Amino acid sequence: MQQLLNGIFIGSIYALFAIGFTLVFGILDRLNLAHPAVFAASAFVGIELVERGGLSLWAALPIVFVFGAVLGLVIERVAFRPLKGRADAHFAGLISSIALAGMLIALLQWRYGPDTRRFPPGSFPDTRFEVFGAQVTLVQVVILGISLALMVGLTYMVTRTRLGRGMRAVAENPTAARVLGVNVDRVTAVTFAISSALGAVAGVLFAINVNTAQLGMGAAIELKGLAVIIVGGMGSLPGALIGGLLLGLAEVFAVQHIGSSWVNVIAFGLLFVILLLRPQGLLGARKVREV
Amino acid sequence: MRTKLHTVAAAGAAALLLASCGSGESDGGDSAASGTLTGEGSGESCTIEGEVPLGAVLSLTGAAASYGESQQRGLQLAAAELAEQGGVTYDLTIEDDQTDPRQAITLFDQFVSDGVSLIIGPTLSNAAVQADPIAQEAGVPVLGISNTAAGVTEIGDYIFRDSLTEQAVIPQTVAQATEQFGLQDVVVMYSNDDAFTESGYEAFAAALEEEGVNVSETITFSKSDTDFRALLTQAQESNPDALVVSALIEAAVPLVTQARELGIDVPIIGGNGFNNPTLMADAGEAAEGVVVGAAWNSASDNPENQAFLEAYEAEYGAQPDQFAAQAYTGLKLVDHAVRANCSAERDSIQQALGQIEDVPTVLGEFSIDENRDADHPAVVQVVENGQFAVLE
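Heads up: the sequence lines are chains P and H, in that order. Its first residue numbered 1, the first sequence is counted upward by one per residue in the working numbering. Its first residue numbered 1, the second sequence is counted upward by one per residue in the working numbering.
Here chain H stands alone, though its shape is the one from the complex (with noise of 0.2 Å):
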């Protein structure tokens, strides 16, 4: 069978109007290739004759193009090798929500009522706290693939992620710090404003609390600050043995160069924000010593992620960042689900997400847990000499 797939980014409207159905069947599943969603076989030699819609909402544009853009390019390298792989074609849609809510809802309606198998995103929990509730109401099973914030799952038994959330990987992140470094002291800054960094902070407090470590201040800030220096002298003052940031990568650099500057050389503890390769880039040799806890580590060495990391810098000529890493995986755990059950039906896609289990992938061993969060190991680690190293 010849394979097609067609990836459609940014202004595919047009082709979302081709790829549409009778809005009225925006219920349940059967889509304008009613009955052709099912296939059969099973697994590797489950094939599907109808072309299976997915829908991708990223942050291509605005405050988050940065996550959106290595999300976009992990989805399309999957989709290719997929592609090739045969037996079941998906057509995916990729549209921009530009960093805003809104527009994230606008895109959740159209897919829902172009009839998608499954959604995709949105980039930020903050859109998807919104966003998600569309599809569950309409029984569209999502996958959110970086978001990280509490709660996002719990909207209901639709929504699931490949994203290991703040509260799973900043326990490991803060035990290893505290047994590493001795910690006794610490100052905690996050910037109140955003429900990524705001929920990365109460996993810090919670777990700072439970290796009992005194937080000897907490410092806000908003998102779209770039001088830290007055808020960090105040920091300096009560004399931490770690700086505990929850922060996106946009005030994390300033914030690293100003620490630094102002002879602030304890280590700092980062959120999901600060696991970026930016951070090295831009930061320089203020990066050093930052300690991150992430979903991936691209130094592993499974087979799966050897595979990727050379796919990717072959396509890109770049190498890939945990967005990426954790988009890849998603549609490849779609494709997982479809197969499953060789049904690309709306309900079928739901049950067998949910049954995911020790599949092995870019991120290592994956499992959905029971909340339908994903559950696989996490890695904590530290800047060295320019790069992620592990901590041990």
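With the rest of the complex left out, here is chain P (with noise of 0.2 Å):
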């Protein structure tokens, strides 16, 4: 049961990471790769907010969602929008994205030190619930119902608002989209700045949960990140969450009956053998583009 509840948890941080990384990537079409950089700074300054500004985590987490979504902007200007008339707009918004991250990493080590960084102690209320015997701390509710909730609006968001409607003309097609009337500059710089914000969120959550905040943090994750959105199936939103909840379970499954050396071994296998079974993912959608 513990094990079964570990998984979830696990998973369910894959997942609000993932879902923000989807967005971008499923829906605009561009791989973000600066999005781990802004899970961890958004980690460093979630603490600084608490530690030095003395701010409650509640009261530091919409300043870290509008960092979040400010640093979308100005990663979305500086490393995507210049690009976005090259045939090679894909690879190089991938790699102009890579400098960037590389930019504000070293910017953190420069303001914070190579030091790991904690919330201090008593930030987040060590409230722990006992379900069927296992332990379950009130962090952990919290990440998978804030995963849950994003997942759900999210999906409306995407799919009955203007804004949405715009997103997905803009995938589409944006010179059509651009005829119909919709601000294609301002639909994708949106989109980055709620992709990142979500970003931001999944790096401060994922501090709490595991005591820890590392420069390396998002690179650790940025992988499983990306597996996470292949499983699922690129874009699905719903697919980012299971995704991340069976990559978890996989993970502590491989952890109980095959040996911890195995975990990534397990994780990774299971990727291979979802496109081989479901190129789309589980819940993507085949495209059809033509030309």
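No lab work stands behind these hints, which were simulated from the structure alone. Model, not experiment: these values are computed from the prediction. Ideal placement from N, C-alpha and C gives every residue a C-beta, glycine not left out. Check each hint, because a few of them may be wrong.
So the derived label-pair ranges between C-beta atoms look like this [to be verified]:
hint : chain 1 : residue 1 : chain 2 : residue 2 : range
1    : P       : ARG77     : H       : ALA206    : 52 to 62 Å
2    : P       : LEU277    : H       : GLU237    : 26 to 36 Å
3    : H       : ARG102    : P       : ALA99     : 17 to 27 Å
4    : H       : ASN385    : P       : ARG278    : 51 to 61 Å
5    : P       : ARG77     : H       : ALA389    : 54 to 64 Å
6    : H       : ALA175    : P       : LEU55     : 43 to 53 Å
7    : H       : GLU217    : P       : LEU163    : 44 to 54 Å
8    : H       : GLU217    : P       : LEU4      : 47 to 57 Å
Build the complex: two chains, separate frames, hints provided.
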């Protein structure tokens, strides 16, 4: 039971990270590899706000959310927009986002040094529950709740709202979208902002959950985030949640039954199996593009 | 005589060039200051005219930067005191290997060709195993100040260390903990992608067998892992008397926190990586009951240690850790060796370091044994009320 819950909670962290990631990747068809740097930067900023600023975590979270959104706008403006007219815009954006991530991490190191940092003890209520004999912390429940809520909220936004329609139109064909009166640049920028804001919240919650924030924390989860997106289906928000949970459970299963050294073999093996059986991912739609 | 000592941190490439000598003389010791590295008198009264060039390779950035920073402070404090003392002047150059063995190799090459009398470091055993052979080859003595993995000094007769190996500290830790807590079954956890923690694990396994303690399960993880709940749950299922963990502090803090959170209340016995005040600062309550052996007892009342604690506090406004204490001791030992023959020639230092015996230091009565390893008493500590206390 404890292991099942462990898997669900690790998985919901993966999902939280992947939901923001997949928004840009799946909808705008851009792979933003600065996302992991946003994840780390926000955790550090969150710690700064609580530790030095004396804010409570609940006050810090919205600020971090805004910080993430602003970072997203910067990333879009600096790393993606100048390249959008190029024939190789996808690849160029990928590389320039890696470059921007490197700069962000270097800035963080300059500002905070290389040490592992943490939220001061007691910044999150140390409440625990016992569920069927297993230990669950409040922060884990909150993370799961936030992941679910974001998934539902974002799915609604993408499918039902004007902004969401704009996003999908841009994804399908930016030129046609423009003709139809969609402000392509603005829709793109807003998508980046939302994506990074989610990454920012994920970073803070992750740091609380494991009581550790490191410069490399984003890089450590990056590959798993990508795996979750592929498993769940690119651009599918419920897919990101399910993919995250699946990956988390697979890891825990590997620990329990095969041995802890096999965690990555099992987790990424799962990725290959799913790609073989269902190349579009569990909930992804097969994309048909006509020229 | 006026003494001058400059310590060049991180980006001191320019200074290195200035201090360098003909690169053709890289074997055997004489540097630009040829002939002036041998002085007159001995011990206290030794006077050497030239500046003794020393190089230090520390991890000031990257994963091990928190250790490197402590070491830098320890070295600089010792350097300042030695400068005050006079007689022998040291020109200590500290360079950053960025926690990257390749960078350490480059720096060792550079120091060797710059003609330093001795190299201090590198911070991690990982890097030492790869960089030390360069110095050994060139006949430059090396003093490791934090390398605790097995086999480092086996690289050659120019490689020394003042850091007690895990092999020296861990058996004492395990024996005392076994007696104290009546251990019968334990679960061992370690990160298997790091030379230091892996060698710590081997020492634990051997010591546990020696004490007749049953290891019901051995669980491995990666040094970059931060979520240990699945592993800990697995450990919990075999209901051990203690968790025995070999991990660096970055993994130790979340591991200890999450263990307590899952309701694992048995003692957690850690390797040298746990020997860090960060453990109590960041794991808080969860750190209570963690047992760790140490080379340095911060509470030790020997006069060297008391003076060190005071000087460190005055200089940095913080408490030193073991890394600072060993670095500080390291430079003092080098000075001792230089003064012993009143010569800073490479071979002379090498010979004198090997003969260090019962020197009073911050770490206690200090000797170098026949394997060029440190020999001095260790102390077994337990976290009580947020502080390391001696386990008795």
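Evaluated hints:
| no. | hint | verdict |
| --- | --- | --- |
| 1 | ARG77/P with ALA206/H: 52 to 62 Å | holds (58 Å) |
| 2 | LEU277/P with GLU237/H: 26 to 36 Å | holds (33 Å) |
| 3 | ARG102/H with ALA99/P: 17 to 27 Å | holds (22 Å) |
| 4 | ASN385/H with ARG278/P: 51 to 61 Å | holds (56 Å) |
| 5 | ARG77/P with ALA389/H: 54 to 64 Å | holds (55 Å) |
| 6 | ALA175/H with LEU55/P: 43 to 53 Å | holds (48 Å) |
| 7 | GLU217/H with LEU163/P: 44 to 54 Å | holds (52 Å) |
| 8 | GLU217/H with LEU4/P: 47 to 57 Å | violated (20 Å) |
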